[in-house]
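Student: Sequence:
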Amino acid sequence: MPVQRTSSLVRLAILSAGIAVAGCDRREPPVAAAAGSAHGHIGEPMAAPVVVSTPPQAAPPVQAPTIEPAPAHGVDALPAIEVPQPLQSAACLAHTQAAQARAPVAVHRWVDAAGITHYSDQAPPANAQGHRVIAVSGAPAIDVQASGYDVNLPDQLQQRAVADALGVQRVMHDTLGVPIPSGMRLQIVFVRSEAAYAQQIGDPSLAKSSGTYSTVDRTIRVRMQDQDEVNFAVLRHEITHALVHESIGNLPVSLNEGLAEYFGRYRSGGMGGQVDVGGQRTAMIGAAPGGDGSEALVDLLAREGSGFYTEALAAGERERRYLRAYSLVALLMRDREGRAALQGVLAAQAGTPCVPVAAERLLDAAYPGGLRRLAAEWSAFMRNPPDDIRAY
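Numbering (mature numbering (1 follows the signal peptide of the UniProt record, and there is no 0)) for the sequence shown: -22 to -1, 1 to 370.
Hint data in this document are derived by calculation from the structure and do not stem from the laboratory.
Hints should not be assumed to be uniformly reliable.
Quick list of simulated restraints, FRET-style, between CB atoms [stated by the list, open to error]:
1) G347 to G93: 58 to 64 Å
2) E282 to A343: 15 to 21 Å
3) T95 to E282: 50 to 56 Å
4) T260 to D204: 21 to 27 Å
5) S284 to S125: 28 to 34 Å
6) R259 to R314: 21 to 27 Å
7) R312 to G93: 42 to 48 Å
8) S171 to Q134: 18 to 24 Å
9) S125 to R314: 38 to 44 Å
10) G348 to A173: 50 to 56 Å
When the alpha-carbon atoms are kept at most 25 Å apart in a straight line, the in silico SDA-like pairs for lysine to any residue are as follows [what the hints assert, rightly or not]:
11) K186 to T330
12) K186 to G155
13) K186 to E172
14) K186 to G283
15) K186 to V129
16) K186 to Y127
17) K186 to G294
18) K186 to R170
19) K186 to Q100
20) K186 to N130
21) K186 to A174
22) K186 to V167
23) K186 to A173
24) K186 to P132
25) K186 to L135
26) K186 to L131
27) K186 to A261
28) K186 to E282
29) K186 to G126
30) K186 to E295
31) K186 to G285
32) K186 to S125
33) K186 to Q136
34) K186 to G161
35) K186 to A176
36) K186 to S171
37) K186 to S284
38) K186 to E207
39) K186 to A292
40) K186 to D204
By construction, the Cβ of each residue, glycine as well, lies at the ideal position given by its N, Cα and C atoms.
Given the sequences, and given the hints that come with them, work out the whole structure.
Tutor: If you want it as structure tokens, here you go:
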């Protein structure tokens, strides 16, 4: 079965059965606090990186960010990760997507009959006043195409899907130095029908998931819910998996899911975006490890493949595992020393994209005070989650 990753948002369990970020299967847990009944069990991911292929994309309607965006607001940018040429293998497609040639980008400016000035990547009606074409020097790093399979996707939803993809990519680049393959193409498909969704994924057992990312065709599929915020939280979760797979490789599951949960909470707006860190405060407190956190942290980092997603776990235990993974990444993203330690893991993984690195060893060496201090701070972070909203 092709590797795919899924996200289980809020209490919408996301069955992900082989949808992988770096060529491995992963499932996603609750992200933004969105309503709804959870259904879904997280399918077992495949340990081997069976991976993805690539889809078509559409350029964003807004001014496209350059490939090397400026540092995130209020955050000290880290140097970009250097990605060596990966060794190819039949079982691993991590960052193997061929670069796609990009058409020149331009922004159209015009004034409508009501006197409102518009900026768009699409030409205006023929009778538009003051129409000017503004050339843009850099095309977006990701070429995104969003569409509805059996649902009419309004223009604003298509544009938001593209904006979310570019926003997550920008923040990952600015804060962690995550590189994006030039001309990366990503397809996003929204599906309403449960039967059509299961058929699209190719496995009826995933029909109750809320989203998946296939590393085989590099397509994100989102099962349309009634609440847009749920749909976009799932989408951002899967976008993160796609970016990690193409830029880094088969990252250890706990960090892979933690990153996806963190950026699932990202909300773009204006020229930047923000992450509401304490969005699931009550659930985080309930999932906090006891003691000094050392044993729980080692256990979390050591779980790989089905050891993280195993179906045998009760639904509450799965949710707790996702919350712990999210909290670890949220803690590391809090300050420069944490981001530097996390970036060290990403850089090491990029050097060997098909084989997950030993994250616990790398974090122990890079985080000030080692794994013991990290565990204590992680445990305290979960017992008393911050209410901060981080701007990027």
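Student: Now tell me, hint by hint, if it's right for this structure.
Tutor: Okay, the hints, checked on the actual structure:
no., hint, result
1, G347 to G93: 58 to 64 Å, "holds, 59 Å"
2, E282 to A343: 15 to 21 Å, "holds, 20 Å"
3, T95 to E282: 50 to 56 Å, "holds, 52 Å"
4, T260 to D204: 21 to 27 Å, "holds, 24 Å"
5, S284 to S125: 28 to 34 Å, "holds, 32 Å"
6, R259 to R314: 21 to 27 Å, "holds, 25 Å"
7, R312 to G93: 42 to 48 Å, "holds, 45 Å"
8, S171 to Q134: 18 to 24 Å, "holds, 22 Å"
9, S125 to R314: 38 to 44 Å, "holds, 39 Å"
10, G348 to A173: 50 to 56 Å, "holds, 51 Å"
11, K186 to T330, "violated, 34 Å"
12, K186 to G155, "violated, 35 Å"
13, K186 to E172, "holds, 7 Å"
14, K186 to G283, "holds, 21 Å"
15, K186 to V129, "holds, 18 Å"
16, K186 to Y127, "holds, 17 Å"
17, K186 to G294, "holds, 17 Å"
18, K186 to R170, "holds, 12 Å"
19, K186 to Q100, "violated, 37 Å"
20, K186 to N130, "holds, 21 Å"
21, K186 to A174, "holds, 12 Å"
22, K186 to V167, "holds, 16 Å"
23, K186 to A173, "holds, 10 Å"
24, K186 to P132, "holds, 24 Å"
25, K186 to L135, "holds, 22 Å"
26, K186 to L131, "holds, 21 Å"
27, K186 to A261, "holds, 23 Å"
28, K186 to E282, "holds, 23 Å"
29, K186 to G126, "holds, 18 Å"
30, K186 to E295, "holds, 19 Å"
31, K186 to G285, "holds, 21 Å"
32, K186 to S125, "holds, 20 Å"
33, K186 to Q136, "holds, 23 Å"
34, K186 to G161, "violated, 33 Å"
35, K186 to A176, "holds, 8 Å"
36, K186 to S171, "holds, 11 Å"
37, K186 to S284, "holds, 19 Å"
38, K186 to E207, "holds, 18 Å"
39, K186 to A292, "holds, 17 Å"
40, K186 to D204, "holds, 15 Å"
Violation of the numbered hints given earlier is confined to hints 11, 12, 19, 34; the remaining hints are satisfied by the structure.
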